[in-house]
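Participant: Line order of the protein sequences matches chains A and B.
So the first sequence is residues 15 to 205, counted in my numbering.
So the second sequence is residues 6 to 503, counted in my numbering.
Calculated from the structure, these hints are not laboratory results.
These numbers come from a predicted model, not from an experiment.
Virtual Cβ for every residue (Gly too), placed ideally from N, Cα, C.
Just so you know, not all the hints are guaranteed correct.
[To be verified] Keeping only pairs whose Cα atoms sit at most 27 Å apart, straight-line, the calculated DSSO-like set for lysine-lysine is:
| hint | chain 1 | residue 1 | chain 2 | residue 2 |
| --- | --- | --- | --- | --- |
| 1 | B | LYS70 | A | LYS115 |
| 2 | A | LYS171 | B | LYS240 |
| 3 | A | LYS171 | B | LYS271 |
| 4 | B | LYS114 | A | LYS171 |
| 5 | B | LYS296 | B | LYS29 |
| 6 | B | LYS161 | A | LYS171 |
| 7 | B | LYS327 | B | LYS70 |
| 8 | B | LYS29 | B | LYS240 |
[To be verified] Quick look at which bits of chain A chain B covers, simulated, 3 or more residues with Cβ under 8 Å:
| hint | region |
| --- | --- |
| 9 | 154-162 |
| 10 | 166-172 |
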Amino acid sequence: MSISAPVNRRSNLKIAAGAVVCEESILKGDITIGARTVIHPKASIVAEAGPIIIGEGNIIEEMATIVNRLPPNIVDSATPALQIIGNYNVFEADCTCEASKVGDNNILENKAFVTRDVELTNGCVIGAACSLIEPEIVPENTIVFGSQCHRREMNDKPYPQIGQLEYLMRVLPSYHHLRKANIKVKSDPAT
Amino acid sequence: MAYLFQPDYVRYVCSCGSLKPISKMYFCRHCLKIRCGYCVCHEADSHYCPNCMENLPSAEVRLKKNKCSNCFDCPCCFQTLCTRAGQAPLRPPASSADAKQDVKATPKKVYYLSCSLCRWTSRDAGIPDQYVATGGWPEQENPNSTRISTLIDFHKVLASKEKQEQQRKKFPTKRTFLQYEKFGLTSAMVRKRAGKPLEPKSLIQHSDQPAPAVANEEVDDLPAGIFTEAVDITKITTLEQRLQHPDVQAEKINELRPQHKQFLVKRSQRCRGCEHNVSKPEYSPQSIKFKIQLAAFYHVPEIRIVTCEPLRVGVASELLLKICNPTQHQTQISLLPLDTPTTPTTVTASGEEQELKRENIQMGSESPNLLPLAVRQISVTEDPKPITVVSGAEIALPECPLFLPPRDDAAEYDETNDASHFQDDKKVVVWRKGNKIVVRLHVTPFANEQNKGEPVIVGFVLRHGYVNTLATLEHKAPQKSELNVQLFLTLGNLVGTA
């Protein structure tokens with residue numbers, strides 16, 4: 015995929031109207047980005063093994079990596095693996111997400127790492143420098159924190175970062191070139 | 006203290022016998038001895054909260070149980086909690102009356118505690134939000150507080166009784182039972198004959214004595230489902246979390262309560278030999294400076310290993326050492342074998358060398374400790390510990406003394422080479438710049454069966470001239486003396502035999 019021509023790459027990229035995707039972000043492969051999602055410069059999204067679908071209102075910060083990676087022993091799978099990322103998730107700087115499915119309102123803090131066999135449900139917080147490498151489905155509202163990766167269940171969900179999202183959507187276009195949206199908004203205005 | 010050359014390759018021998026890198030040692034300028042954290046008296050100077058930097062007198066600190074009243078630690082991950090402001094959560098009106106109230110009430114600002122690491126909030130624990138930013142948090146009652154207070158009260162009574170008795174002993178009263186002693190009866194025997202307990206215990210009334218703790222064999226039964234129900238580890242507190250709060254030891258996560266932050270102390274350290282301060286921080290908790298900081302780093306020449314050739318048994322390997330003079334005075338250094346006595350010497354006015362003793366060290370005032378005798382820690386003088394390091398190589402030491410010029414910060418930027426001022430033996434002094442020299446030594450490892458696989462250690466005595474500048478304060482000529490420090494260098498593993 016990495017060798018493919020830029021024209022080809024652009025055609026695989028579907029950006030919904032209202033998303034803020036900086037020109038300097040690294041996007042490879044078949045990627046769909048929902049409305050109101052902010053992708054910072056130097057964030058990288060690599061759809062290696064199959065398409066990546068990113069929902070609405072996500073913040074993907076610089077150096078954050080979202081990879082749809084092939085399983086290590088399979089070189090070329092016949093059925094492309096789909097990676098789905100829900101709504102209002104925050105990928106903080108330098109985190110790596112390979113999870114096959116990410117729900118809503120999750121936060122991956124700085125340098126967090128989630129491997130491909132993990133499924134994040136809703137409202138989970140993967141703390142700074144914590145890594146999840148064993149296959150599992152993380153229950154809702156789980157917090158992983160500290161150097162020992164302690165876990166705790168949170169009573170209330172992390173609030174969606176609406177304020178931060180609105181600020182970024184206002185500020186980023188004034189200082190960065192953006193990739194153009196190429197699909198119309200089809201979601202209902204309620205979300 | 007983290008140090009540039011963190012693995013302790015070069016260790017100095019403290020006067021107490023422990024081996025430490027130079028960055029962890031003090032040098033007492035008054036008795037000219039190296040001191041380390043083990044052989045100084047520690048005194049708590051001031052208590053302060055590391056979060057809000059509040060500084061409190063020690064009496065108040067004791068009253069507050071060494072804890073800050075305003076700052077809290079997270080009960081979950083032990084980080085400092087921060088106060089966050091939020092809008093009062095809107096509740097759906099349960100009845101029409103409530104709905105009316107909600108309309109009237111403007112959204113108020115509420116405050117809750119939140120941990121930035123593990124996202125624990127006081128709302129998790131069910132603590133109601135506060136309407137003021139500081140204070141007002143509900144205190145958690147110690148379940149055993151009544152028992153503890155009765156015990157403390159009882160011990161206070163005991164202490165006061167003891168004090169009274171001691172005072173009474175100073176003014177001896179006529180003992181009532183002495184009258185019997187002329188009949189050959191001791192007072193104890195009289196008491197026994199009279200059917201009274203052996204010792205007059207009347208001072209302590211039995212009503213004061215708290216009920217003793219009762220050992221109980223009956224414990225509550227385990228819950229019925231303990232072996233069948235699955236354990237949810239995320240809802241149970243860890244051992245650390247329980248021990249952080251020993252008086253409650255909550256078992257469930259939602260029973261955790263924010264903990265008051267512990268105070269830290271600023272401490273000063275005193276030489277055990279002469280009771281002068283070797284380290285005294287500034288009083289203010291915001292300041293990181295010291296009033297007195299007699300670190301060995303500023304007074305004793307520092308030695309670093311530059312390179313060492315691979316070590317083979319019986320083969321001389323080249324060892325380059327960098328020696329740095331940190332003082333303001335030119336110094337003369339000689340490297341001597343390890344068995345040299347380490348007593349300091351001085352040159353008297355008549356020009357003869359004599360051993361430096363406590364009497365002839367020029368010292369300042371005799372008793373520098375200003376605390377009253379009853380309060381201050383009595384300095385315990387211990388014999389130095391024996392050194393257990395086994396030297397694994399023979400080291401050929403230069404016979405000529407080495408001269409090091411004083412430290413000059415400007416010389417760092419001086420490009421000119423001033424090596425020509427000193428007539429150095431080119432075989433020994435390889436390099437010279439400013440107050441630093443590099444010397445070449447040769448080490449020959451022994452064939453040592455016992456310490457196979459362990460790194461080779463060599464030791465020697467560093468003799469350096471030291472100018473005691475304390476005397477200049479009293480308008481005397483500065484006293485020059487020669488000090489000896491034992492040093493051990495860890496050179497690395499043997500690579501093979503010759």
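Participant: Would you mind confirming whether the straight-line C-alpha gap from LYS171/A to LYS240/B stays at or under 27 Å?
Facilitator: Since the Cα atoms of LYS171/A and LYS240/B sit roughly 17 Å apart, the hinted pair holds (cutoff 27 Å).
Participant: Measure nothing beyond the straight line between the CA atoms of LYS171/A and LYS271/B; if it is 27 Å or shorter, mark the hint as holding.
Facilitator: Between LYS171/A and LYS271/B the Cα gap is close to 42 Å, so the pair fails against 27 Å, i.e. violated.
Participant: Can the region 166-172 of chain A be counted as covered by chain B under the rule of three residues or more with Cβ-Cβ separation shorter than 8 Å?
Facilitator: Since three or more residues must qualify, the claim that chain B covers the region 166-172 of chain A holds, with 6 doing so at under 8 Å.
Participant: For the pair supplied as a hint, LYS70/B and LYS115/A, confirm whether the alpha-carbon distance does not exceed 27 Å.
Facilitator: At roughly 50 Å apart (the allowed maximum being 27 Å), LYS115/A and LYS70/B break the hint.
Participant: Take the region 154-162 of chain A, compare each residue's beta carbon with every beta carbon of chain B, and decide whether three or more fall closer than 8 Å.
Facilitator: Holds: 4 residues of the region 154-162 of chain A have a Cβ under 8 Å from chain B.
Participant: Has the given pair, LYS29/B with LYS240/B, been kept, meaning a C-alpha gap of at most 27 Å?
Facilitator: Roughly 44 Å separates the two Cα atoms, so the pair is violated.
Participant: Are LYS114/B and LYS171/A close enough, with their CA atoms no more than 27 Å apart?
Facilitator: 20 Å, holds
Participant: Quickly compare the C-alpha distance for LYS161/B and LYS171/A to 27 Å and report which way the hint goes.
Facilitator: 51 Å, violated
Participant: CA of LYS296/B to CA of LYS29/B, is that 27 Å or under?
Facilitator: 18 Å, holds
Participant: Quickly compare the C-alpha distance for LYS327/B and LYS70/B to 27 Å and report which way the hint goes.
Facilitator: Roughly 50 Å separates the two Cα atoms, so the pair is violated.
Hints 1, 3, 6, 7 and 8, counting from the list given before, are not met by this structure.
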